[in-house]
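S.K.: One line per chain: the protein sequences are L, V and C, in this order. Residue numbers for the first sequence follow this note's numbering, beginning at 286 and rising by one. Residue numbers for the second sequence follow this note's numbering, beginning at 93 and rising by one. Residue numbers for the third sequence follow this note's numbering, beginning at 604 and rising by one.
By construction, these hints were calculated from the structure, which means they are not laboratory data. Incorrect hints may have been included.
Heads up, incomplete: computed chain L residues facing chain C, CB under 8 Å, no partners named [as the list claims (entries may be wrong)]:
(1) Thr348
(2) Val414
(3) Trp420
(4) Leu431
(5) Ala522
(6) Ile540
(7) Val555
Each residue gets a CB set at the ideal place from its N, CA and C atoms; glycine is no exception.
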Amino acid sequence: MIPVVIAVIFLVYGIMHMTPGDPVAVMLGADATPELIQETREALGITDPFLVQFANYVKNLFTGHFGTSWYTGRDVSERLFAAIPYTIKLSLLAMLVALVLSIPMGVLAAVKHNSLGDYTISIFAMIGVSAPTFWVGTMLMLLCSLGWGILPSAYDGTWKSYVLPTITQGFNMLASVTRTQRSSMLEVLSADYIRTARAKGVSNFSATYKHALRNAIIPSITVAGLNFGTLIGGAVAIETVFAIPGVGRLMIDSIKLHDTPTVIGCMVFVSVMVSVINLLVDLLYALIDPRIKAQYLKGGKK
Amino acid sequence: MSNDMNKTNDVMLDIKNLVVEFKTEDETVQAINGIDLKINKGKTHGLVGETGAGKTTTALSILNLVPFPAEKPTAGTIELDGVHLYKTNEKGECVPALTEKDYQSIRGEKVAMIFQDPMTALNPIFTVGDQIAESVRLHQNVDQAKAMERAREMLELVGIPAKRADDYPHQFSGGMKQRVVIAMALACNPSLLIADEPTTALDVTIQAQVLEMMRGLRDKFGTSVLMITHDLGIIAEMCDEVSVMYAGRIVEYGNLEDIFDNTRHPYTQGLFNSLPNIEDRKAELKPIRGLMPNPADLPKGCAFCPRCDYAMEICKTVRPERKWLSETHCVECHLYDDGKDVSKL
Amino acid sequence: MNAANTRKIPKKKSQAYEIWRRFKKNKTAMAALIVLSLIILSTLCADFIWDYQKDACSINIKNRLQHPSWEHPLGTDELGRDMLCRLVYGARASLTVGILGTSFALLVGGTLGAIGGYYGGKLDNLIMRCTDVLLAIPGLLLCIAIMSAFKSNVFYISLSLGISYISKFTRIVRSSILSVRDQEYVEAARAIGASDFSIITKHVLMNCMAPIFVQYALAIGSRILSVSTLSYIGMGIQAPTPDWGNMLSGARAFIRGNTYLVMGPGVALLLTISSFNLIGDGLRDAMDPRLKK
């Protein structure tokens, strides 16, 4: 995991390195003397070669320093750490809600295949994977805040102000996991071992929930893990729609201010979080499926 | 009727005029076209035919496990040890005679089934011991520990060390998995065992071992067996009676002697001719030409007619009636319409 | 004699025909195809109805925020421009970058995946590690990072959309290739001395087209979704060029009392993206009838 994270930082750092704009001019304003500009440049370390800068950056990361913000002139971690809790809370909450709702919905759609309920869930899920998050957020806001006035439209610190952003951010994952769960459940339900189970007298209920569900849930976990990146990426737009002071908002603001170190800090945080979630997903697999290890050994066979 | 009543005592399975329909996107086709099949207690009945003849569907109908609503029995009755599994209602439709709960208690307890592909027949996320024990717990009032004990016993019986009960299916080879499936099927001492091509997916040497083991267990427990296969060798080895199935119908039925020594139906003849002959190695193989007809597009008359070397005009338009040649031997073929004897085909 | 067999022969058309025949039966997928064709047709015909510069881009404050009427079926936006006209031109922008971005991802990702899957070994390992790295960065954030470093024009937007999708194509092509690489017909081609390039393109790729096609359709939908988000936060297609994302962004301050401003572009996005998704699903079902029940 650590090599991947470092490679990610390298990539982000490399891309951001190409960003135009002179940070020193931004920081000091127009009337700075050339000497002062040169001094500040050296102090920031941006006169060093790219690889040296990168090595220093990574070294500092391990001590919790994300570099100096070109906007505030102070360490990036200051504002980043203030923003992180909002994003973590919101993303994890959204993921939780998405998983808790999507798995039963997918199972229901598969068990009642081709019924009205199945169609409703399928249409709902299709909307969920197709609608842009920020639009869903806007519509929900129009309906619940401006229309009915039951929920606040912007973040105000109460639990109520988490409801709409959570639904919005989780909507896409909810939909894609529902779709995955439905199709994997359909596939598993027609698997030979379900027929074997039924042939030995297992009831419909037990065949569905004991034998099929645990097998069918594995692809859903994969999709949830893969979609976590999309979910947290959505934070950028959602935190803008609902005025939440999270990492996504900080990142967009910093891009507009050409505050590259802060942007890098935000990206690094998000990438680390995605990697951690993927690691947890891998661990979860092994818990559910005894074959995982064997499958890894076999490689792409079959 | 009274004659039938007397017989029920020693009849294990009695299928009468079973029709199973299969719905595809475009049309409804008959996967099984009205078959009769009777297995006496303690006997082994072989069901032979090519892939797609309807053998597996027949087996699944007995367990009421045909993939509804795509497939559905529409006519006929099935009786198991005197109990109706399917009956015909007043409208002449075929309906399940029992509740789903009753079927569940029959499955595994009275009728057990072994499936063709052992690689996919076991649930990958449970240990094999658990899967055998589950069957025991479903039908016998015992706790988990007792059931596991029984599972270990069954594993030993099929030649797998008891300590492997805690292993997962992927840790077993194909032949071993099939042994596990057999152990699972026999765990509750079923009176009827349906074996759907139990050895097709296995290596030849393993095939022999598994067959030998099945034969031993059958004799030990006195189980009736419906042996579904396309391998005439297995039939000769294991069975008392044989039904030859073609395109959803049983075209010839008889005991081992009738079928092997007095072959009557050109299709059965064709099956024998497709086998290499060990005694006469110079004999030419004579494969049956053509393919099995699409069940959605069956010939109007005899289904075998387009592939039959003896086809006559009548075969194209009229479906042959069943003709009893002796007490034990019957055939559906126009060749025997006027008592003609073409036994030396 | 062989009536049953000869009758079957005309039924056996090419594989593509079979897929199309099954696809046609899928009502939702066909509906999606029709909707999408109408959208594409409307963008092609737009120039006959409107003047791009005058109707879609120039400001007309007198007409601002007019609710839907006969003259302006979808109303006018905050700068007095006809919503329908901007919606149609917005489709042009979205589809262009969506298709360009996906094609770029397919080209690069597919090539990498094919090389990795076919040759295996260290090269494969290196490629897979690179895709791991790309996958660890959420696609949208990668787009944003790239866009903040480069100018906002169609080329760079497509490029950023493409780069963030490369790894998906790499994985799909690689796993398809792995699944057919050791099949007998590939061995046979190798045995008769076919070159690696011809084996990969002729035998291997031809036999794993299905998942690639499906992914291509789904990817276009996903790229359009991303570009709309990029434009919404001001890092994609820049005003005055109309795009559904920047139309929604511009409407943000005026939604109270002017709901129609967010309905038009939102529904257009939903329709377009779900059409691509439905077509992708339909294709998958048509190519693999096993999955459909």
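S.K.: What hints, given by number in increasing order, does this structure fail?
M.R.: 1
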